[in-house]
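**Student:** What follows is the residue order along each chain.
There are 2 protein chains.
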Amino acid sequence: MRDVAVIGVGMTRFGELWDRSIRSMGIEAGLGAIQDAGIYSTDLEALYMGNMASGLLIKQEHLAPLIGDFVGMGKLHLPATRIEGADASGGLALRQAYIAVASGLHDIVLVGGVEKMTDVGDARATGIMASAADQEWETFHGATLPSLYAMMARRHIHEFGTTQGMLGSVAVTNHYHGSLNPMAQFQREITMEMALESGIMADPLRMFDCAPLSDGAATLILCPVSRAREFTDKPVKILGSGLATDSLALHDRETITSLAATRIAAQRAYKRAGITFRDVDLAEVHDSFTIGEIMAVEDLGFFESGKGGKAALDGELRIDGSMPINPSGGMKARGFPPGAAGIAQAVEIVHQLRGDADRRQVKDARIGLAQNVGGTGATTVVHIFEVI
Amino acid sequence: MRDVAVIGVGMTRFGELWDRSIRSMGIEAGLGAIQDAGIYSTDLEALYMGNMASGLLIKQEHLAPLIGDFVGMGKLHLPATRIEGADASGGLALRQAYIAVASGLHDIVLVGGVEKMTDVGDARATGIMASAADQEWETFHGATLPSLYAMMARRHIHEFGTTQGMLGSVAVTNHYHGSLNPMAQFQREITMEMALESGIMADPLRMFDCAPLSDGAATLILCPVSRAREFTDKPVKILGSGLATDSLALHDRETITSLAATRIAAQRAYKRAGITFRDVDLAEVHDSFTIGEIMAVEDLGFFESGKGGKAALDGELRIDGSMPINPSGGMKARGFPPGAAGIAQAVEIVHQLRGDADRRQVKDARIGLAQNVGGTGATTVVHIFEVI
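For the protein sequence lines, the chains are A and B, in the order given.
Under the working numbering, the letters of the first sequence match residues -19 to 368, in that order.
Under the working numbering, the letters of the second sequence match residues -19 to 368, in that order.
Take the hints with a grain of salt, since some may be wrong.
Any copy will do: because identical chains look the same in the list, a pair fits if it lies in one copy or spans two.
Unchecked claim - Calculated lysine to aspartate or glutamate pairs in the DMTMM-like style (CA-CA distance at most 20 Å, straight line):
id : residue 1 : residue 2
1  : K39       : D99
2  : K343      : E366
3  : K251      : E25
4  : K55       : D232
5  : K214      : D16
6  : K39       : D102
7  : K55       : E173
8  : K290      : E173
9  : K55       : E234
10 : K214      : D338
11 : K214      : E173
Since the hints were made in silico from the structure, they are not lab data.
All of these numbers come straight from a predicted model, not from anything done at the bench.
Generate coordinates for the entire structure from the input sequences, incorporating the hints supplied.
**Tutor:** This is the structure we're talking about:
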């Protein structure tokens, strides 16, 4: 298999984009990456599109050729494929695009993620997000993603002494990072008091423990490393890709305070990259709920089991901390269009490794990691990047 | 890239399977292929799952790890990825599985397709199928797949003198084939009179011009050709894979009497296989509507433009005709669970090439082709198979 690099990135601002359709967001993000890579649409050879639920949200399946058509690929009749794995759809699409380039099948591939959430109301959107959990064993009986993550948080508190303040500090940190990101949905800092006094969504998770419902799109352009310098002085190589799954239903798992899919996907990605967690300079992790970020920094190896919450409280996850996490603001503050989330993580890692992350730049960032989770952890995709 | 072979196939009977869940159909088809290949679940390395609309149909996204878990892959935490391209989802999933094995990433991969249609009523199911068309330009204004294909049929009649009898003869032939297939939804022959007198769905398409709404699942197991004889005496090599797209909306296409995506996907597949249409002994084509089969046999090169209808009427598409098409009964008679349709085509081709298609066996079948279309033709996937 060939080595693969990212040569261009694009994204819309994330947020409640009432005036934007999925089509127009796809165009903006797609053309943004094409411009960033300095290529033409006609240079592209294939499209992979991550999307969680455009059928349920806007009655549009068959999204990949639609977006491909409108970014200028239609008249070339190029291959276009939609990938879905709940809110890991973006990371999964990146993985398929990576395999397509690594295999030698395609040279220049556009991979994007998109979601249009705000055409349905909040309650309906929460119900649609719950389609990531097990319909027969969980959702049918009333479970939602907040309620399932709340059980995980409650157990983490019970086993490890994690506190509400630790959860809240994840939100405070990510809102601080978001305040430095002009593409973020929330660009205002919050205080610990605001986090701890916000309304309860599913005990112990409060409003500021939950990522928002967002619209948005993000894209990357991949090509073989051997050709990357035709297009950019700072290609970002994909060092490793790992994918692992687990039972959808929480009751079938050995533990709910750690995601086996994350641990194993990370092992696979580290192995392929030939590195360990100690080599990672920064990471974007799946913080759809604050407890998710705490489990992630433990499962990825950055902190010992049960110590992730303390790391957040101690400021170690800030961009100036010992292990910078979610410099973009994460899903919590940059915003959370589920199908675009995993691609947006990679966009941020690329900016950080190229050194063009402006006010939120992590110093001396050379190797970055993105961890994208589907639902409560039945899918985790991990990608590791290095600027070359 | 490595050569890839099919070493096992499985499927449920297609039909209105009121007592079956998507989970149980996935298990039956998955374990069927595992048994057919003579392997264990623990030999598998990855799963690709084609599905069109389980979100809209049964409120279950995130389907791949769920099915993977229940066919015994869950505790191995294996990669599992869902692929969607409307009713081309199965063909697209096969293509991704093929790329994954050809790349060298995985050796033994399970690829399946599944759909559970009958948990919603017929009208709602028709509305859900329309999510394959352009929501903003077509579906929102009331278009359904039958109405869009009716326009294509009307134009084909206008340009080429295709007749209702020619459309009907596709249905008569495929029901005849279905009568020979114990896994088909409809195992009864119909007469031309029945076809021509059946109720109008969308003029000129009558009930017997339309595939039914079905439940079902189908699966394949792929491995490198270099390892195939470890598992079977009759591996079926994937000679070529071609994927092409087009505009979702019909009004953006140059013609509606031919699918550019089919013509170009076929060119790509023929080129990769190093053959022409003349080398193909039989094909499974996308007959969700009878006009679709007529366009397919023209676009694939088997018959000249405008001559497909006459070929059907003359019996050339029967299993004993000059160009056997849809020996399984096709979507028309074997049944049409959209996400499983493309995989079921491949299952039939494998049976035909291995020579175990019983009463519907095509004589001297060595090379077979499967053509799987999404919606009205914004996606076409073509695979070519040869027994080795």
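**Student:** Tell me the numbers of any earlier hints that the structure contravenes, in ascending order.
**Tutor:** Per hint list: 7 and 11 violated.
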